[in-house]
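Required output: the full structure, derived from the provided sequences and hints.
Heads up: the sequence lines are chains S and B, in that order.
Position one of the first sequence corresponds to residue 1 (the working numbering), numbered consecutively onward.
Position one of the second sequence corresponds to residue 1001 (the working numbering), numbered consecutively onward.
Hints in this document: simulated from the structure, not taken from any laboratory.
Treat the hints with caution; some may be incorrect.
Claimed, not checked - Mimicking PhoX-like on lysine-lysine, the simulated pairs with C-alpha atoms at most 25 Å apart in a straight line are:
1. S:Lys56 to S:Lys70
2. S:Lys101 to S:Lys56
3. S:Lys101 to B:Lys1057
4. S:Lys26 to B:Lys1057
5. S:Lys101 to S:Lys69
6. S:Lys26 to S:Lys101
What the hints assert, rightly or not - Stretch-level coverage of chain S by chain B, calculated; a stretch enters the list once three of its residues show a Cβ under 8 Å from a Cβ in chain B:
7. 12-23
8. 43-49
9. 80-86
Said to hold, decoys possible - Derived, one-sided and incomplete: chain S residues facing chain B with beta-carbon distance under 7 Å:
10. Asp92
11. Pro96
12. Phe99
Just so you know, these numbers come straight off a predicted model, no measurement behind them.
Glycine residues also receive a C-beta, built at the ideal position from the N, C-alpha and C atoms.
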Amino acid sequence: SQQGEEDPQALSIQEGENATMNCSYKTSINNLQWYRQNSGRGLVHLILIRSNEREKHSGRLRVTLDTSKKSSSLLITASRAADTASYFCATDGNTPLVFGKGTRLSVIA
Amino acid sequence: KAGVTQTPRYLIKTRGQQVTLSCSPISGHRSVSWYQQTPGQGLQFLFEYFSETQRNKGNFPGRFSGRQFSNSRSEMNVSTLELGDSALYLCASSSLGSSYEQYFGPGTRLTVT
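Have a look at this one:
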């Protein structure tokens, strides 16, 4: 069963705008990760945030985690056409990673 | 370091046949996990091998099996293929295990006709 669920399912923005994606999950976690997948290719790890962290930055990425609401958000600032991809959150708990179905981001130049 | 490699990249098989997919992890990574990705079900965990032992298994029928060799290379096998097995099969390696940062290969696109 899917633990993480991303919202929205699809997002279309203009280049230079910020993109925000949300992830909700159901059970306790040790960490939450975000991945990017370009069409039909393998996933690329973006960032891992531990359950005792509230916010983490990596370049143009900002991830927040609210364990009380069992939710996380991924913010991509100043988006570029190259950011066009599907973005997945993945949670662990006491199991191997469980991925959501992803948010498909389209950045229009 | 070289990334995760998967072979073959594309495969077309007929219902009832069997198939073997191969994955070479990043050097030094002992954990290899396999995932099936379909438009309907998304990414689903198949199994994880760590130091040649199956450590975790997802909810897939016994037709799906795998193994890992002493050099950490892994294979997965699907017997008696069904149309619903058409998917992108992704392999991921990790130094710590399947709950941690995963390095994915490009995937094998399997089409069952």
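Evaluated hints:
1. The straight-line distance between the Cα atoms of S:Lys56 and S:Lys70 is roughly 16 Å, inside the 25 Å bound, and the hint therefore holds.
2. With a C-alpha separation of about 23 Å, the suggested pairing of S:Lys101 with S:Lys56 holds against the 25 Å cut-off.
3. For the given pair, S:Lys101 sits about 20 Å from B:Lys1057 by alpha-carbon distance, which is consistent with the 25 Å threshold.
4. Distance restraint check for S:Lys26 and B:Lys1057: the Cα-Cα separation of roughly 20 Å lies within the 25 Å cut-off, and the hinted pair is therefore satisfied.
5. Annotation: proposed proximity of S:Lys101 to S:Lys69 holds, straight-line Cα distance about 20 Å (limit 25 Å).
6. Our distance criterion of 25 Å between C-alpha atoms is met by S:Lys26 and S:Lys101, whose separation comes to about 15 Å.
7. With 0 residues having a beta carbon nearer than 8 Å to a beta carbon of chain B, the stretch 12-23 of chain S misses the requirement of three or more and the stated coverage is violated.
8. Beta-carbon proximity to chain B at under 8 Å applies to 4 residues in the stretch 43-49 of chain S; the threshold of 3 is reached and the given coverage holds.
9. Residue count for the stretch 80-86 of chain S with a Cβ under 8 Å from a Cβ of chain B: 0. That is fewer than the three needed, and the coverage hint is violated.
10. Interface restraint check for S:Asp92: the shortest CB-CB distance to chain B comes to about 4 Å, inside 7 Å, so the restraint holds.
11. The closest approach between the C-beta of S:Pro96 and any C-beta of chain B is roughly 4 Å, which is under the 7 Å cut-off, so the hint is satisfied.
12. With a cut of 7 Å, the hint placing S:Phe99 at the interface with chain B holds, because the nearest CB-to-CB distance is about 4 Å.
Hints 7, 9 from the list above are not met by this structure, while the remaining hints are.
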